[in-house]
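Chains as they are written, first to last, in the working numbering: chain C, 1450 to 1861; chain Z, 49 to 342; chain S, 124 to 461.
By construction, these hints were calculated from the structure, which means they are not laboratory data.
Accuracy of the hints is not assured; some may be wrong.
List time: in silico DSS-like cross-link candidates among lysine-lysine, alpha-carbon distance up to 30 angstroms [claimed, not checked]:
# : chain 1 : residue 1 : chain 2 : residue 2
1 : C       : K1591     : S       : K321
2 : S       : K209      : C       : K1638
3 : S       : K321      : C       : K1595
4 : C       : K1756     : C       : K1526
5 : C       : K1789     : C       : K1526
6 : C       : K1591     : C       : K1847
7 : C       : K1485     : C       : K1781
Calculated Cβ distances over 12 angstroms to all of chain C for the following chain Z residues [said to hold, decoys possible]:
#  : residue
8  : L181
9  : N239
10 : A274
11 : E317
Selected chain C positions facing chain Z (in silico; Cβ < 10 angstroms) [to be verified]:
#  : residue
12 : G1500
13 : A1672
14 : I1691
15 : Q1696
16 : K1724
All values derive from a computational prediction rather than experimental measurement.
Beta carbons: idealized from backbone N, C-alpha and C, even for Gly.
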Amino acid sequence: MNISYRCKIGISLIASLGLALFMSGAWAASYSGVVKVGLSTSLSGAAASLGQSGKKGIELAIAELNAKGGLLGKQVKLVSVDDQLSPATGVTNVRNFILEDNVAAIFGPVSSSVAAAEEGIAAQYHVPIFFFISNDVDLTTKHFTKYAFQVVPNTYMEPHAVAAYMIKKGWSRYDTISPNYSFGRSTVKQFLAGMKKYGANINIVGQQWPKLGESDYTNYIPAILSKHPDAVFSGLYGGDLITFTKQAKGFDFFKKIHNNFYALFTMGALKALGKDAPVGVIAANRAPFYAIHTPGMSLFSTAYHNKYGEWPSSWAVMGYTAVQTWSQGVEKAHSLAGNKVSAALSGATVKTIRGPIYLRACDHQGDVREYVGTLSQKINPKYGFRVMDHVYAPNPKKIMMTCAQTLAMQPH
Amino acid sequence: MYGLTQLFSGLTTAALLFLVAAGLTMIFGGLRIINVAHGSFYMYGAFIVSSLVGTALTSSAHATALFWTALIVAPLVVAALGALTEYLVLRPLYGREHLLQLLATFALFYIFTGVSLLFWGGQYRSISIPPMLQGHLTVLGATLPVYNGFIMLIAVAVGLFMWWLLQRTPLGWRIRAAVEDPEMLAAMGTNVRGLFTGVFTLGTFLAGLAGAIVGPTQSVTTGLGAQILVSAFIVAVIGGLGSVAGAAIGAIIIGLSQAAGVLWAPQFESAFIYVAMILVLAIRPSGLLGVPEQ
Amino acid sequence: MMDGRGKIFTHGAVPLSLASALVVFAILGFVLSPRWLFFFQGVFELGLFAVATNLLIGYGGLVSFGQASFYGLGAYVVALGWLHYKIPFWILFLLAPVFGAVTALLVGMLALRARQLYFALLTLAFSQLFFTIAHQWYHFTEGSNGVFGAMVPRILTAPQHGYWFILGVSVIAIFLLWLVTISPFGLTLQAIRENRKKAEAIGINVYRHQLYAFVIAGAFSALAGALFVVHDQSAYPALLDWIKSGEPILMIMIGGIGFFLGPLVGAVIFQFAHNFLIEYTHVWELVLGLILLVIVLFAPDGLLGLLDSRHRGEVREKMHSRLKRVFAFRNNRPGSKR
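Sequences and hints are given; from them, build the entire structure.
Dropping the structure here:
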């Protein structure tokens, strides 16, 4: 018994020694001809459709970059890992990217909560991180680091753009319905702030705050209708918006409020809803490929369609622009080093498929446009879903926070 | 009549919760198993209907026929999956620690979630409501969407069927007896193991049916099962685990109080369901109609 | 239980194992790459969480499905104290287990009124309630986004220092928990688990003992939550939800519920599976589920149960009698004849 006991201890000692060697990272090899970049995003769970779509845009951008000879003579290799929609997993992924894979840049997650967790870690190691789906304005203000860049209209810009659009309609009695969490609350708050800023005097007749991921809106819909609002502003999106739309149709909701309803009807939601998508309501989109008329965009959407057999969502478009932003930063800096790339991009203008993007030096927010319009009567025969008509994309300057405002909110 | 409209809405919520909780509480009553994978069976019901029907409906007669077929086929497929699960995973665990059974269904929950991602991907899906169930009725000046009325009808039908099955048939008598004294039942010549398979299959059939019926009112994604699971648990616990009548009462309490919460205390609405459960269990530690534990 | 020299996994050798683990891992701190330093930070902190939970589940026979309430609370105490009141980290770190204990006292007073599975479900309801509050009270908790920032002293954010700190605190805390299990109180707790009625008959105040156990587990779970903040520098609502509550139970079952150090082994396996599966597949849930199912069906005593095969029969028997009472609702359960 004693022998077997000692034996066991001996074996475990040897095993742990081997393991320690393995874990000490002494074997790690570096590839000279390859530069790695990391993508930690939601590939499973409730946000999988956004994450997977964004990943396709990134993959296409990197494939095209490599076909043109890569970056500074090196081929770019993408490492992508699921973040399970969890900040802890996102942090682990980002650390592994940096410490293990030696990545030159990181492309950010779907959730703003995960993004906030990753932003600080990336800065600790001086690696640039690009947010292209998560869009909380806090990421460029309260949590700002000089290694973070945002190439998606943020949660300040989007509701301000919608306000700029809706103010022209002259409606005065408003109701709001928005998921009861940070994004839903701040979207409504900024929309109301925008209405005020642009000079409207509106009357809030009611406000609804269903929980995020609500599966049953039958209690909320009559509550809104009973207030007889002129228009309804909603912060619903994705699965929640699909559920709301279907249940609202049963109450003839859209007809009763004359389609004066706003929500973030993204392509994924419109494709899922198909014929059930409400006609004539107001929608916003952060990067609708069909409404952006640049030669780059038409080349991109064709290439994307050829590769994946579907049209690119806004997440794919913005994933593509995120890679373009980073690669031009590398070219400007003539270096892959994180601090040089970040410095080169700060206050720079990059050329992307959605047109030139100016990355403000004060907060690294790109001056990207937000697109607002009404959902078309007919399903577009070429694309297979309803697109937006009468698209309005206000000048980003009009809808962005001023640099003085962001600087006041940033940590010092 | 806004008040009546709101009452209908509360009852719709109740019907929906009852449909999911009924199978959950029945499996618990018959097998003493907390089935964490119940939400997954519900999700599969919705996914199968979405694959069969989808949104690409063209001619209305065809659409309606397809919808009714899917409504029958989906729960049957889910029930078959349930029977297989019971046979392969749960049967070896009967008579073992309940913690192990709980963990087994926890493992199944993970497995079913992963499989759904493989089969159906991460995209949102949506199921069209057939034309004959679209639109709304006006009852005493209140609005009731036709499909919500349909959900309530199905819930009532399921409730009546289960009452009849458990109280008025020899099978129901055996199920109740199996809970009380399985050894006696086996001695009297009943195949207890077969009976358990039957109960689990029926429970998962109900989960699949709930998913198929409720699916058209929601977006269908991989997260569907986890969302409804906690609410259904609370309904079953408030009513008393194992009691179908209790589940009905629990569903009505939660449904109506959510409707009232939206009206009067919207900011506390999402916390309310947990407070309700804590209050009920603080007063009656085995739920409203549950049997006290020893 | 304290007799055999060979029983390296049973609790006679717990202090020895802990001491040697402390020495070995402290030395490993010099050679491990940062990635593995962070990996083991997670293992130690989750391991403490699981060992604390096992005081309830394994020793007390009380299956709490809401330990994330206290784990998350510990993390939030550190994060919110920093965010709103600028209280120094070290004070917050000591306050976290105090908050955990007080909250556990209040929750336990109510939850312990219910028995068995209803107790499990009540603790689950509390955990979901705290989750909802953290989610909705966004003025104070920052809502779903959670709290991020420089809440941990710079010295601890260096991977090596954080590693040693978490290692030291966890080992000391686990040693204290072990002292609890061998104390007269711990033995009474196990006696109650084995036969509640007999315990009551000889005049033991069952409710009070179980409440104390709940408070101790709550305090150490909160300490583990505070260590999580050292590891991750954040606090957010998912630290409070039912899936987080399920994690220590998974670790306990993977390692072996019948062993004091079983949950630690479970924590290593869990953390490894969790961190590495996602690198290879986005259907990690499928693989994790299959692993769990195999353990449930073929190794119900956990991995230590497999290794310690000589005592398998003994452990199984002990476990069986233990868990029979944990979950026995009535005298007759389906197929209870064996």
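The hints, checked one at a time:
{"no.": "1", "hint": "K1591(C) - K321(S)", "verdict": "violated (59 angstroms)"}
{"no.": "2", "hint": "K209(S) - K1638(C)", "verdict": "holds (27 angstroms)"}
{"no.": "3", "hint": "K321(S) - K1595(C)", "verdict": "violated (66 angstroms)"}
{"no.": "4", "hint": "K1756(C) - K1526(C)", "verdict": "holds (18 angstroms)"}
{"no.": "5", "hint": "K1789(C) - K1526(C)", "verdict": "holds (20 angstroms)"}
{"no.": "6", "hint": "K1591(C) - K1847(C)", "verdict": "holds (21 angstroms)"}
{"no.": "7", "hint": "K1485(C) - K1781(C)", "verdict": "holds (19 angstroms)"}
{"no.": "8", "hint": "L181", "verdict": "violated (9 angstroms)"}
{"no.": "9", "hint": "N239", "verdict": "holds (39 angstroms)"}
{"no.": "10", "hint": "A274", "verdict": "violated (9 angstroms)"}
{"no.": "11", "hint": "E317", "verdict": "violated (8 angstroms)"}
{"no.": "12", "hint": "G1500", "verdict": "holds (7 angstroms)"}
{"no.": "13", "hint": "A1672", "verdict": "holds (6 angstroms)"}
{"no.": "14", "hint": "I1691", "verdict": "holds (3 angstroms)"}
{"no.": "15", "hint": "Q1696", "verdict": "holds (6 angstroms)"}
{"no.": "16", "hint": "K1724", "verdict": "holds (6 angstroms)"}
Hint violations for this structure: numbers 1, 3, 8, 10, 11, all remaining hints satisfied.
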